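**Student:** As given, the protein sequences belong to chains A and B, one line each in that order.
Note that the working numbering gives residue 132 to position 132 of the first sequence, counting from 1, and the numbers run on in steps of one.
Note that the working numbering gives residue 151 to position 151 of the second sequence, counting from 1, and the numbers run on in steps of one.
Derived by calculation from the structure, the hints in this document are not laboratory data.
Keep in mind the model is a prediction, meaning the values are calculated, not measured.
We put the CB at the ideal spot given by N, CA and C, even for glycine.
Some hints could be false.
Result set (PhoX-like, lysine-lysine): computed pairs, CA atoms no more than 25 Å apart in a straight line [what the hints assert, rightly or not]: (1) A:Lys149 with B:Lys24; (2) A:Lys47 with A:Lys84; (3) B:Lys252 with A:Lys124; (4) B:Lys99 with B:Lys206; (5) A:Lys55 with B:Lys24.
Label-pair distances were calculated between CB atoms; the ranges are [said to hold, decoys possible]: (6) B:Lys252 with A:Arg110: 37 to 43 Å; (7) B:Gly95 with A:Val26: 56 to 62 Å; (8) A:Asp218 with B:Gln178: 31 to 37 Å; (9) A:Lys84 with B:Gly95: 20 to 26 Å; (10) B:Lys60 with A:Arg110: 50 to 56 Å; (11) A:Ser195 with B:Asn255: 53 to 59 Å; (12) A:Gly191 with B:Leu129: 44 to 50 Å.
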Amino acid sequence: MERTPAIHVENVTQRFRVIHERPDTVRELFARFLRHNASFHDFDAVKRVSLNIPKGQMVGLIGRNGSGKSTLLKIIAGVYRPTKGTVQVEGTLAPLIELGAGFHPELTGRENILINGLLLGYSKREMAEREGSIIEFAELGDFIDAPVKQYSSGMYTRLAFAVATEVDPDILLLDEILAVGDAPFKQKCLGRIESFRERGKTIVYVTHDMQQIRNYCDRAVLLERGEIMAEGDPEEVIRSYMTLWSPEAVAAAMTPVTS
Amino acid sequence: MLLMIQLLRDVVRYRELIWALALKELKVRYKRSVLGFLWALLNPALLMLVLTAVFASIMKFPIPHYPVFLLCVLLPWTFFSQALAYGAESIVGNGDLIKKVKLPKMIFPVAALVSNLINLLLSLIPLALLVPLLRHPFYATWLYLPVPMLALAIFTLGAIFFFSAANVYYRDVSHILQVVLSAWFYITPIIYPLDFIPEKFRWIFKLNPLIYVVNGFRLAVYYGQLPHLQSIAASFICAFLMLFIGFYLFRKHQNDFVFYV
């Protein structure tokens, strides 16, 4: 079956200039200039990565800390323009990279729903239509008209998740977002992700929870030092991921999580 | 020219977001205060009270109705300096957001301009009340005010683009800006008329791009006159030049902001 790619990443390299003691002020810059020692090194967070994600596929992105998962996600989201290579994305995209990034603590939940929706690229009318179901999903009740700074972290996360997923994007980028929230809400979120999958949405999911990769993802991609080390069937990719681990860590990961 | 059309198109496309961000700024500024939005009116009104007391009764300035003379340009100046000081931080201040969501970066400087523009419009209300109170004639030339206001807004936006982009790379910029603004205040004929300056130095003052706008405000409100066509043209040439330079540099570097904020 031929499927059009929803996300097309080709030969992408993302270079960061890591400046040791970055000259934050003109004075430092001047001093450095006089001494002729620009102390920095270039670091490729993502190296020559090519990845095609067909429409409707759910892909799990795994790898150790600092392997480039989040950077790759931000490149797909358009936050970074890659140093080399090209990225093409078909359809609307909702990045859940860090939940509630656009929330202002002094504004109420309702005011933040509008602002956050507009920041994600939706219109005022679209947000007004969805406001009711967002509030319902977030289970905020009367708190919706209280300033967000009074929310518990669970309420905050619920509202942010509700805004990002209620807007019905074609592509959903999820970065480790289910680490917070209690078990029932986690189930609710996973249920929503599941329903996104059933409706043929494309999902890129970054997590350290291998069980979730097994349960939900059609495909897994393993990143190591910014390069794709393995990709394909989740089970096999997880196995090659574990070769990077110590024996104790493997044993811990194999133990089923009781929930 | 193309650049200006592009900017205008982006402003129209993101108008809802810009408006929401500008309102958010004002809401946050006046939240948790009992009087709320009234402060936007009260601030200039109280300022006028102080100035009237100081200049009319204590210092005896040889200018009749000095508070009107001063305020009709002090209010636009306050708009300019506040919008610029606040706008210069608009990219760095929203760094968290820029690092997480793909956004058109120009919305932040524009929203900074809009929120301060609303404040300026509100502050004109107490000025309009002060004029009859001091028995200063209320001239029909008030109707001309949108013209210098437009020129000032364009100039300010250009300056915000410039300084907000520069501030991403060197945080010194916002400190330098404070100094520049206070010096700029004194070389602009705000607290004094341009006639106070000896003829032979006046050309230096005329290099100040804001002088034409200031002149427009004062003529319309205080003297009941309209500026010369050359003066109006000069104010718009300065404004568009600033906008062009500012937006050109901003656009050129906007994709790299994310690495420095």
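**Student:** Could you run down the list of hints and mark each one as holding or not?
**Tutor:** Okay, the hints, checked on the actual structure:
{"no.": "1", "hint": "A:Lys149 with B:Lys24", "result": "holds, 15 Å"}
{"no.": "2", "hint": "A:Lys47 with A:Lys84", "result": "holds, 9 Å"}
{"no.": "3", "hint": "B:Lys252 with A:Lys124", "result": "violated, 30 Å"}
{"no.": "4", "hint": "B:Lys99 with B:Lys206", "result": "violated, 42 Å"}
{"no.": "5", "hint": "A:Lys55 with B:Lys24", "result": "violated, 37 Å"}
{"no.": "6", "hint": "B:Lys252 with A:Arg110: 37 to 43 Å", "result": "holds, 38 Å"}
{"no.": "7", "hint": "B:Gly95 with A:Val26: 56 to 62 Å", "result": "violated, 20 Å"}
{"no.": "8", "hint": "A:Asp218 with B:Gln178: 31 to 37 Å", "result": "violated, 56 Å"}
{"no.": "9", "hint": "A:Lys84 with B:Gly95: 20 to 26 Å", "result": "holds, 25 Å"}
{"no.": "10", "hint": "B:Lys60 with A:Arg110: 50 to 56 Å", "result": "holds, 54 Å"}
{"no.": "11", "hint": "A:Ser195 with B:Asn255: 53 to 59 Å", "result": "violated, 35 Å"}
{"no.": "12", "hint": "A:Gly191 with B:Leu129: 44 to 50 Å", "result": "violated, 59 Å"}
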